[in-house]
Amino acid sequence: MTQAEALQEYLLRLADSDMILSQRLCELCGKAPALEEEMALMNVALDLVGQARNWYEYAAELIDDGRDADKLAFRRDAHNYRNLLLTEQPNEDYAVTMGRQFFFDVWHYFTLKSLTASSDERIAGIAAKALKEATYHLRRSSEWVKRLGDGTEESHRRMQDAVDILWRFTGELITPDDTDRVMAEAGIGPDPDQLAKDWRGMVNEVLAQATLTPGDEDAWMYMGGKHGEHTEHLGFILAEMQFLQRAYPDATTW
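For our numbering, add 5 to where a residue sits in the sequence shown, where the first one is 1.
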């Protein structure tokens, strides 16, 4: 794998993970437990869509095959998507929604923080802007995890169940592959070992404050999202997300 190929792949991973998680959050529009949460969820979703667009635009320039950001988002099938498996998991109840967001936010925050010092100036610029949003996202999701975990007996049970359900998808966040290593060696992406250390440190700290028990770090983990191997959930997400663009391709006016 060349550095150019790895960079294209890495950008699609960042974009796709943002895009798919935003779609999951948008499913809760009109269904949040409170008006304040309604606005917060949609704001996070919009932030992620905006970040995805920036990554897609850069990826499209490098791929240079005639596809723009819209085509990368709306004209690829599930096996061509490179999002983390965690991001495509269904909302279930609100504890699962916030647990999924928290695990992602910790990874996202430390990834973007590292990318602000990337040797690729375009990536560093996008990351610097996105980091401000990711910092808020992490603060919000971690507070929800602590609130639910250290709340009532019922909320604690549900939050612990959410951690147990989602834990098997977290390994992919901090397990590097060839693309991650090439990016790190080139000074473009984060150091995989440091990212894993930072992720585990913050996750364990917040879960302890929430009186929750983390999963086993050596447990078997689901992998494959970064290589186009997804759960059944992604197909349904894309079927809804891409319907208009596939039904009316290249339509710009009515």
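Just so you know, the hints here were simulated from the structure itself, not pulled from any lab data. As the structure is a computational prediction, the values presented were derived from the model and not from experiment. It cannot be assumed that every hint is accurate.
Straight-line C-alpha distance at most 20 Å; calculated EDC-like pairs for lysine to aspartate or glutamate [as the list claims (entries may be wrong)]:
no., residue 1, residue 2
1, LYS137, GLU148
2, LYS76, GLU10
3, LYS202, ASP221
4, LYS202, GLU177
5, LYS151, GLU41
6, LYS76, GLU14
7, LYS118, ASP223
8, LYS76, GLU245
9, LYS137, ASP203
10, LYS202, ASP223
11, LYS76, ASP255
12, LYS151, ASP98
13, LYS151, GLU97
14, LYS36, GLU245
15, LYS118, ASP203
16, LYS134, ASP255
17, LYS76, ASP98
18, LYS202, GLU222
19, LYS118, GLU97
20, LYS151, ASP203
21, LYS36, ASP98
22, LYS118, ASP52
23, LYS76, GLU62
24, LYS151, ASP169
25, LYS76, GLU66
26, LYS137, ASP155
27, LYS202, ASP182
For each label pair, taking beta carbons as the anchor points, the in silico distance ranges come out as [what the hints assert, rightly or not]:
no., residue 1, residue 2, range
28, GLU190, ALA252, 38 to 46 Å
29, HIS238, THR218, 23 to 31 Å
30, GLY55, ALA122, 30 to 38 Å
31, GLY35, GLY130, 34 to 42 Å
32, SER160, ASP255, 23 to 31 Å
Virtual Cβ for every residue (Gly too), placed ideally from N, Cα, C.
So, going through the hints one by one against the coordinates:
{"no.": "1", "hint": "LYS137 / GLU148", "verdict": "holds, 17 Å"}
{"no.": "2", "hint": "LYS76 / GLU10", "verdict": "holds, 19 Å"}
{"no.": "3", "hint": "LYS202 / ASP221", "verdict": "holds, 15 Å"}
{"no.": "4", "hint": "LYS202 / GLU177", "verdict": "holds, 14 Å"}
{"no.": "5", "hint": "LYS151 / GLU41", "verdict": "holds, 18 Å"}
{"no.": "6", "hint": "LYS76 / GLU14", "verdict": "holds, 16 Å"}
{"no.": "7", "hint": "LYS118 / ASP223", "verdict": "violated, 26 Å"}
{"no.": "8", "hint": "LYS76 / GLU245", "verdict": "holds, 15 Å"}
{"no.": "9", "hint": "LYS137 / ASP203", "verdict": "holds, 18 Å"}
{"no.": "10", "hint": "LYS202 / ASP223", "verdict": "holds, 14 Å"}
{"no.": "11", "hint": "LYS76 / ASP255", "verdict": "holds, 9 Å"}
{"no.": "12", "hint": "LYS151 / ASP98", "verdict": "holds, 16 Å"}
{"no.": "13", "hint": "LYS151 / GLU97", "verdict": "holds, 19 Å"}
{"no.": "14", "hint": "LYS36 / GLU245", "verdict": "holds, 18 Å"}
{"no.": "15", "hint": "LYS118 / ASP203", "verdict": "holds, 11 Å"}
{"no.": "16", "hint": "LYS134 / ASP255", "verdict": "violated, 30 Å"}
{"no.": "17", "hint": "LYS76 / ASP98", "verdict": "violated, 32 Å"}
{"no.": "18", "hint": "LYS202 / GLU222", "verdict": "holds, 12 Å"}
{"no.": "19", "hint": "LYS118 / GLU97", "verdict": "violated, 30 Å"}
{"no.": "20", "hint": "LYS151 / ASP203", "verdict": "holds, 19 Å"}
{"no.": "21", "hint": "LYS36 / ASP98", "verdict": "holds, 11 Å"}
{"no.": "22", "hint": "LYS118 / ASP52", "verdict": "holds, 16 Å"}
{"no.": "23", "hint": "LYS76 / GLU62", "verdict": "holds, 10 Å"}
{"no.": "24", "hint": "LYS151 / ASP169", "verdict": "holds, 16 Å"}
{"no.": "25", "hint": "LYS76 / GLU66", "verdict": "holds, 12 Å"}
{"no.": "26", "hint": "LYS137 / ASP155", "verdict": "violated, 27 Å"}
{"no.": "27", "hint": "LYS202 / ASP182", "verdict": "holds, 16 Å"}
{"no.": "28", "hint": "GLU190 / ALA252: 38 to 46 Å", "verdict": "holds, 43 Å"}
{"no.": "29", "hint": "HIS238 / THR218: 23 to 31 Å", "verdict": "holds, 26 Å"}
{"no.": "30", "hint": "GLY55 / ALA122: 30 to 38 Å", "verdict": "violated, 22 Å"}
{"no.": "31", "hint": "GLY35 / GLY130: 34 to 42 Å", "verdict": "holds, 35 Å"}
{"no.": "32", "hint": "SER160 / ASP255: 23 to 31 Å", "verdict": "violated, 48 Å"}
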